[in-house]
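Just so we're aligned: the sequence shown equals residues 83 to 287 in my numbering.
By construction, these hints were calculated from the structure, which means they are not laboratory data. Predicted model, so just to flag it, every value in this text is computed and none were measured. Some hints could be false.
Said to hold, decoys possible - Label-pair ranges, simulated between beta-carbon atoms:
1. Gly103 <-> Val203: 23 to 29 angstroms
2. Val257 <-> Arg212: 17 to 23 angstroms
3. Gly103 <-> Glu180: 20 to 26 angstroms
Every residue gets a Cβ at the ideal spot worked out from N, C-alpha and C, and that includes glycine.
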Amino acid sequence: MSTSIYPSSEFASHLQEAVSGFCSLAAEQLKILEGHYSSLVRWNSIINLTRVTEVGEAVMRHYAESLFLASVIGGGSVIDVGSGAGFPGFPLAVFRPEAAVTLCESHQRKAVFLREISRGVRNVCVVARRGEDVADRFDWVISRAVLAEDVLSFGLADRFGLLMSHSDAARLESVSHVAASQRIPLPWDESRLVLLGESVSRGTA
83 MSTSIYPSSE
93 FASHLQEAVS
103 GFCSLAAEQL
113 KILEGHYSSL
123 VRWNSIINLT
133 RVTEVGEAVM
143 RHYAESLFLA
153 SVIGGGSVID
163 VGSGAGFPGF
173 PLAVFRPEAA
183 VTLCESHQRK
193 AVFLREISRG
203 VRNVCVVARR
213 GEDVADRFDW
223 VISRAVLAED
233 VLSFGLADRF
243 GLLMSHSDAA
253 RLESVSHVAA
263 SQRIPLPWDE
273 SRLVLLGESV
283 SRGTA
């Protein structure tokens, strides 16, 4: 599907340029992500979802980061712990329709937002509970807002993809429940990276 049939809005133009080096978005995917952004700005005046709402900064900080993570992990079942406004899980679900993505968010009003923006996105499920209270197992656990040590200690998946700083990655790699990891720097921000790897299953750490 060509992106040329979608109107070249400011959001769409920024996003297409930001991700051009690592992924391609179809017209319908751009439309869904722009709808998410519009809802994010509107809901942010009611509940505190993010401090970053200006379109250029939001595209880079929220959507491009999430899509870069989506471009380097596999498919299957994915849980996003502490999803907040839907990052990185929602853009990942849009980019990878073959993946089954669970957005895990314990803040009830944020979970309502996630359910609202996920209407019509068939591969997204919203769970309004804490990560440690989720009993299911997944192929991947992803996150960027929750302390990484906690995310991995929940034992939700053997493989992980985490958005973080280099210093946080170094700290995480020193703990026992990380079996193997790979640092993949963000192409546009040397201070941040995706930490991709395997963790020790719950009960064996």
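Verification of the hints:
{"no.": "1", "hint": "Gly103 <-> Val203: 23 to 29 angstroms", "verdict": "holds (25 angstroms)"}
{"no.": "2", "hint": "Val257 <-> Arg212: 17 to 23 angstroms", "verdict": "holds (20 angstroms)"}
{"no.": "3", "hint": "Gly103 <-> Glu180: 20 to 26 angstroms", "verdict": "holds (22 angstroms)"}
The structure shown violates none of the earlier numbered hints.
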